[in-house]
Amino acid sequence: MKGSLIILSFFATGLLLGIFRWLPIQWFDSEYSFYVLCALMFSVGVSIGNDPTSFRQFRNINPRFIFLPLMTIVGTFVGVLAVSFFLKNRSLSECLAIGSGFGYYSLSSILITQYKGIELGTIALLANIMREIFTLLLAPWMVKYFGKLSPISAGGATTMDTTFPIIVKNSGKEFGIISIYQGFIVDFTVPFLVTFFCSL
Amino acid sequence: MFIVISVMLAGIAVGYLLRRWKLRFIHGLILTLIWLLLFLLGLEVGTNETVVRQFGNLGLEAFILASAATLGSVLAAWLLWVSFKRKSIGK
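Protein sequences, first through last, are from chains X and U.
When the letters of the first sequence are read in order and numbered with numbering that gives the first Met the number 0, they come out as residues 0 to 199.
When the letters of the second sequence are read in order and numbered with numbering that gives the first Met the number 0, they come out as residues 0 to 90.
One chain only, chain X, in its complex shape:
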């Protein structure tokens, strides 16, 4: 919980600095975040490769857990479908396109902005940031009431990078490899599903 609050405060600090332009304008280059993301992914990779037990665990994935990415996708769509009736000015396919971000806010919001405009792109950005934040904040509660797989599903496409440390902390180290596996698969589906629902 303390860790999530620290993460949130970094986001809030960035937000305020951005709104009030308290930083030199050269700082507002979104290219930077891509390089930081690459550095993060490299470090995550190093930590996996450096721990010889993670390879052994990969072979030990319970066959039932192979379906976890599918449960994540289907569960997300059912949830979005249920609330799409209350969002009068959004079509079902638009809602599903936003849901198909699975927390991967950078890519999904860029794609949706291109296909459907800045307004829907902004909702996609906010909704997918929120999904990530929900996972970071509520992971202990999810594990307690819905089992150790639930924060992995909630994290969607982010479970091999940003939400990975929180999942390992709450579900246990033995779920680290399932977390990476599910993040890898769901991550891969994001550009395809987002494009598909935007073209409907």
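Calculated directly from the structure, the hints in this document are not laboratory data.
Zero decoy hints are in this set.
Pairs of lysine-lysine residues, derived as DSS-like cross-links and limited to a Cα-Cα distance of at most 25 Å, are as follows: (1) Lys172/X to Lys147/X; (2) Lys84/U to Lys143/X; (3) Lys21/U to Lys168/X; (4) Lys168/X to Lys84/U; (5) Lys172/X to Lys21/U; (6) Lys147/X to Lys86/U; (7) Lys86/U to Lys172/X; (8) Lys143/X to Lys86/U.
Assemble chain U onto chain X, guided by the hints.
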């Protein structure tokens, strides 16, 4: 996206090659990079005036969609978890 994934695969290879040395600093580095990434995201949202002006309305819709998506996937994962538990008790 493929760049990001291949960068991680490269990291795995490097980490594996260096497996003789325990790289303890890597977890602190990961956390620091996550902080930096969230800070940069905040900056990006904050400097976009369209987003800031419509923050309330768009935020509410985003909140509804994010809650539904998260809850739906949590329940789906719970179903899988329950079926797994039942089978392992049966054995």
